[in-house]
Structures are given as C-alpha cells and as structure tokens.
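2 protein chains.
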Amino acid sequence: MQNDRLIRALRREPVDRTPVWMMRQAGRYLPEYRATRSRAGDFLSLCRTPELACEVTLQPLARFELDAAILFSDILTVPDAMGLGLYFADGEGPRFERPVRDAAAIRRLAVPDPAAELGYVIDAVQLIRKELDGSVPLIGFAGSPWTVATYMVEGAGSKNFAHIKGLLYDAPADLHRLLDTVARATVAYLNAQIAAGVQVVMLFDTWGGVLTPRAYRDFSLQYMQRIVAELVAGPDGSRVPSILFTKGGGPWLEDMAETGCDALGVDWTVNLDEARRRVGHRVALQGNLDPAVLYAAHRVIRAEVARTLESFGHGSGHVFNLGHGIHPGVDPAHAAAMIDAVRELSPPYHAT
Amino acid sequence: MQNDRLIRALRREPVDRTPVWMMRQAGRYLPEYRATRSRAGDFLSLCRTPELACEVTLQPLARFELDAAILFSDILTVPDAMGLGLYFADGEGPRFERPVRDAAAIRRLAVPDPAAELGYVIDAVQLIRKELDGSVPLIGFAGSPWTVATYMVEGAGSKNFAHIKGLLYDAPADLHRLLDTVARATVAYLNAQIAAGVQVVMLFDTWGGVLTPRAYRDFSLQYMQRIVAELVAGPDGSRVPSILFTKGGGPWLEDMAETGCDALGVDWTVNLDEARRRVGHRVALQGNLDPAVLYAAHRVIRAEVARTLESFGHGSGHVFNLGHGIHPGVDPAHAAAMIDAVRELSPPYHAT
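Sequence lines, in order, name chains A and B. Residue numbering for the first sequence follows this note's numbering, starting at 1 and increasing by one per position. Residue numbering for the second sequence follows this note's numbering, starting at 1001 and increasing by one per position.
Among the hints, a few may not be true.
[Claimed, not checked] List of simulated lysine to any residue pairs, SDA-like, C-alpha gap at most 20 angstroms: (1) B:K1130 with B:A1115; (2) B:K1247 with A:P251; (3) A:K159 with B:A1156; (4) B:K1159 with A:G91; (5) A:K159 with B:K1247; (6) A:K247 with B:A1162; (7) A:K247 with B:W1252; (8) B:K1159 with A:R278; (9) A:K247 with B:A1156; (10) B:K1159 with A:G325; (11) A:K159 with B:P1328; (12) B:K1159 with A:G157; (13) B:K1159 with A:S158; (14) B:K1247 with B:R1024; (15) A:K159 with A:G93; (16) A:K159 with B:S1158; (17) B:K1247 with B:P1213; (18) A:K247 with B:N1271; (19) A:K247 with B:R1214.
[Stated by the list, open to error] Chain B is nowhere near these chain A residues, computed Cβ spacing over 12 angstroms in every case: (20) T49; (21) R63; (22) D74; (23) D90; (24) E131; (25) H176; (26) D180; (27) R184; (28) I194; (29) R226; (30) P235; (31) T269; (32) G329.
To be clear, the hints were calculated from the coordinates, so they are not data collected in a lab. Just so you know, even glycine gets a beta-carbon here, dropped at the ideal spot from N, CA and C.
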C-alpha cells in the first residue's frame, strides 16, 4: 500500500502526519456525485450497481488528498437482503415496506448469504480495490445491530423510537433475538467485505446515543463487541482494524474501548484530550470536527482544525475526521480547506 | 402552600417522599387536552387564551397526584413577541415568517415588554395561581437563549443547524449580540412570570447538546447563567428556585452546577448516581426516566421507577421526572402507573 497512514494510525504506529478522511465523503455535497446519482436514477440503484458505487467511492479521492476511501453503500442493505423491502420516499429518509414488529416476524428472519444476496456490494469492493490499485486503504462498513434494528422495527427514521423501545422495555427477549440475527448477518457481511478486499471496517451506531447507559451496553455495545470478536483476517492474513462509532456515545467511551476494537469514532460533543485521557492507550481516536465548521470561512476552518489537532496532542493514534457525516450543503472547497489544514498543520505532532 | 415537596426537594430540604411531575404533562397524550385544543382551534390560540391555557395546565392535576403544575405555554412566545411571526404548519413543528439571518436583522430586534406583548402569559399565570389555590407550586419557564435562537435563525426546527452554526463559526459577535438580546428578553419575561406568581422557573435548553464543549459554555451556558443571576425574588420576598435542563448535557453537568441554579434536569443518558457524584451537594437533580418506558407494561414502569429512585439513592434533592417530555402516544394510565410508583416506592429513601 502506497499510503498506509490510516492503518498505521489505527494501530498507534508512528506516522509522518495525521491521516484524514470524511464520513460521507462520497456524497451529495459533490456535484459529480449528484451527476452520477442522477444517471443511476435513484440512490438504491446507485448502491446496487457496482460500477457506479465504485465511481462515486473514488470521486472524493480525485478531488482531495484523502488517506482512505470508504465503500459507497448504505447500512440498510443488510435488512433489505433480509426481505424487508427498502425504499426511499422522495425527500424523506429510508423506509421499509415490511417492518418487523412482533416475535413472529422476528423469528421468520434469516441471515442472508452475502455472496448471493449482497453480491453487488462484494462486487463493488473488488472493483474499488482494483481501481485504487494500492494507493490508499479501503474502509468497509455496516450499521450496528441496534441502529439497523431501529429502522427494521420503526420502518423508517424515528424521533421517539416508540416501537423499538416498546420492544426493549416490554419484550427484551424478542429484541435480543432480533439483534442476534442482525449481528450474525453483519458478521457474515463484514467478513465477506474483508474477503473481497476491505482493509478496515467501521461500525456505525447512529442511534446508540438514544439509550440509557444500561440499555446501551445490553442492546447496542454487546452486539458490536460480538461482531468485532468474529471478524476474520484479511486475505493476506493481516488483522483488519475496526472502528466503532456511536453518535452521542461520549459518556461511554471507556466501555467502547473495552470491546477489542482498534479505534473509536468521537463526535464533537467530547474534546479529544478528554477522550484520550479516558481511553488511555487502548484504542485510537477518530474525529471530531463539528461538520458545521465547514460552513465557515477558510480561516475559521483552519483554526478549528488546529484546535482539534492540539486537543489530541502529540503522537500517533488520531485519525482526523468530522464528528459526523459531511452535510450535503457544504461547498467542496471548504472540505478541501479542512484537508489541506490537516496536511499542513499535523506534522509537528508526529515529529520525534 | 399545601404541598411544598417540590420546593423543598429543589432546596435539598427533607421531604416525606420524592416529588414528581412530568415535562409536557399538559399535552397531547391527554384526551381532555386534545378536546380543549380542538375547541381553541389551534395550538397558538390555546397559548394565547389565558382561560384555556389555565384549563390545560390544570388537566393533569385533576387526573394524577402530581406535586407541581407547569404553565402551559411555548418557548417561542418570546421571539414571537419580538415580531418574528410564529406559526405552526400542519403536522410540522414551529416556524417563523421572518427568521433572523444577518447582523442587520439582529440589530433590529428589541426586547419586548412582557406586560404589553406577553400579557396573555402573565394573565394565564395569575389565573392558574388562583385556581391552584395554594395546592401545589406553579413552575414557569422559558427556552434557553441558544435554543430559542436556533429557531429564530433557522426559521424552523433543524437537523444540521446550518444557519446558526454558520453564524457561530463565521460571525460569533453577531450571534453573541442575538443571544444577549434574547437573554435580556428572557430575564424580563421570567421576572414578569415571577411577579405574577410562578414559584419555580425552568430553562429548557433543548439544543445545547448539539454544540462542542467550548461552544456550549460560550453560546448556551453563559447566557443561562446570566438569566439565573438576574432572577428576582417572589412577591413574598422568597427566592425562586431555578432548574436548568440541557438535553444531551450529561457531559457538562459540573459546569451547569456552577451557574448558581438550584437544580439540573438530567436526561436518561446519564445515571443519577453518576450525576449526583459529579455535582455533589451543589444542586438538586430532576429526572430521568426514559419517556419510552411509558410505552411498557405497568410492572416494567414500576421496575424502572424503582431503578431510578435507587440510582439517586437516599436523601432529599431528587425531583422525579421523565428525561424529556412525555411522548404524545402514551396511554395516560401508564403515566398514572409511574406517578403511583414514585409515591409508593420513594418514602424509604427519605426515612430518617
């Protein structure tokens, strides 16, 4: 690999500068993404056509000096492959035609075979690896079982999580059965991504932060830990680093660091100096610029990048990123300002 | 006052049992509320008609053995009185006809005279106090300047807070000017509520949790602290206890406890034992049952109430509440189960 800064930082090995990538770096803020998506017809066709998924995965790398590519896909491909019927209503978020609401529906769920039912993702991974040609590592990903289950049970995005929290409090055994099934599906899916060539995996736990501390451990973290434990090595026999990201998970970083993962994604509500103090040397940290900083002028972006680098401080173990996905309305030139600032300002933190 | 448990708990004075009320206790989950609202025509008419605001304020007290009434109103009455033109689009949240987007618009804002421009709220307070007739204390409230400003700048509810965060990062002096104006308006408004008879005040900081730790201190907490410092005494000369509630403010409880307020609202993402350990004896704590628990069966509600009481532990200084407003879809019988459980299970924590 020509640029292995990300892998090295995730392993807390020395690097020349802090690696940087952005959550949702292949996304709507890029005009070239919007053009490809419009050619694809819709978001799901884009996900399901390996050539187009590969094309949009590579777009941000053509524009910016990024240290990683991340597979273009969606966390809801797994429940879609389970037969729930994923669709996107115009101007709204994802929805399922057949949400899972009771014990009988949960029992009927089967773990999909990634090769057969998610083959379009596996094909995309192989194609992207070929196109990347060893330039930067490719990150694969999945949703956390809790987060994926919220969509499966609610049938759509939610504000109060009435249905899944109803299950959680009233029928926890049913919810555990659902999470167990999703966790097994996720292990098979991520291991298929690894076999096809992803070199890092990330679990997105977008909705773990809506839980109580106890429910977070029992219904979200426990299943992420199981997934991390069951990840296979890459085709060359090397261990594939894993990143856990719970949005709003700041209070639980210590617990997250105990799962055996290699790094934690940290949103902007916790400073990296505090996060680093709390997790010690157990894991690397990824983050954590407020994505809204990218609405601001270049000098502000540069100052906030400087503050974030200073907050993590000296040494390896920091992967620069936003604290959440880049907002669709951001000017790509502002993303470039952030990436340039990381490249220019971070080397002193790695000087020996 | 016949029932002063709330006031005593906020002052950390001995009580016979833990006082209990619910955020949004006068709200859509109650059929009698929906009936009054439908008579009023719409939500804003309900807020603006003192007799109807009084009626819905008292409805939950007729049904449940609650230890406090909370004024029925909305946090956006203040910017409405500033001339922004509040309205509610069908099935959507609040919106402003004239959002505040630039320095010129911010400079044009004036602090409204509560007696003249928010007289309907003051009248409602007087009416409610008369109807309560000394039974339980009446809580007045306002939104935090940051939270109110998010609506003023975005013009509606928001997901990414693009406009106000653009101001925060790009033109912080303009945002400070806006927050200063809203803070002065809020002081005048809360002091008018106190003069009219509210016996406790609460600041709702619904959106403080979307900020970085530094931005939270500078743009939200600082202004709440100023408001707390400028609250007047009640007509009888007694100090009026204040409660600060930042949703998602768990990481910052120590800072919040330093503001001079009497109590902190705590959402369900932090356990009360941890919160109590962190704030010591400086403040009382209010909360923190996950509102989604009220979707569950009575025995589950009772078990979760027991867990919450046990988490706070022995002694005064706990006001039982939900960690956020009661969800509109909750069966009122489930709210009753929670309130009954607090009444039945809390006395042992106050035995001497």
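Hints, one by one, checked against the model:
| no. | hint | in the structure |
| --- | --- | --- |
| 1 | B:K1130 with B:A1115 | holds (19 angstroms) |
| 2 | B:K1247 with A:P251 | holds (14 angstroms) |
| 3 | A:K159 with B:A1156 | holds (16 angstroms) |
| 4 | B:K1159 with A:G91 | holds (14 angstroms) |
| 5 | A:K159 with B:K1247 | holds (14 angstroms) |
| 6 | A:K247 with B:A1162 | holds (19 angstroms) |
| 7 | A:K247 with B:W1252 | holds (17 angstroms) |
| 8 | B:K1159 with A:R278 | violated (29 angstroms) |
| 9 | A:K247 with B:A1156 | violated (23 angstroms) |
| 10 | B:K1159 with A:G325 | holds (12 angstroms) |
| 11 | A:K159 with B:P1328 | holds (12 angstroms) |
| 12 | B:K1159 with A:G157 | holds (13 angstroms) |
| 13 | B:K1159 with A:S158 | holds (13 angstroms) |
| 14 | B:K1247 with B:R1024 | holds (14 angstroms) |
| 15 | A:K159 with A:G93 | holds (12 angstroms) |
| 16 | A:K159 with B:S1158 | holds (13 angstroms) |
| 17 | B:K1247 with B:P1213 | holds (14 angstroms) |
| 18 | A:K247 with B:N1271 | holds (18 angstroms) |
| 19 | A:K247 with B:R1214 | holds (18 angstroms) |
| 20 | T49 | holds (28 angstroms) |
| 21 | R63 | holds (22 angstroms) |
| 22 | D74 | holds (18 angstroms) |
| 23 | D90 | holds (17 angstroms) |
| 24 | E131 | holds (31 angstroms) |
| 25 | H176 | holds (15 angstroms) |
| 26 | D180 | holds (21 angstroms) |
| 27 | R184 | holds (26 angstroms) |
| 28 | I194 | holds (33 angstroms) |
| 29 | R226 | holds (23 angstroms) |
| 30 | P235 | holds (39 angstroms) |
| 31 | T269 | violated (6 angstroms) |
| 32 | G329 | violated (6 angstroms) |
The structure fails hints 8, 9, 31, 32 (numbered hints given earlier, in ascending order).
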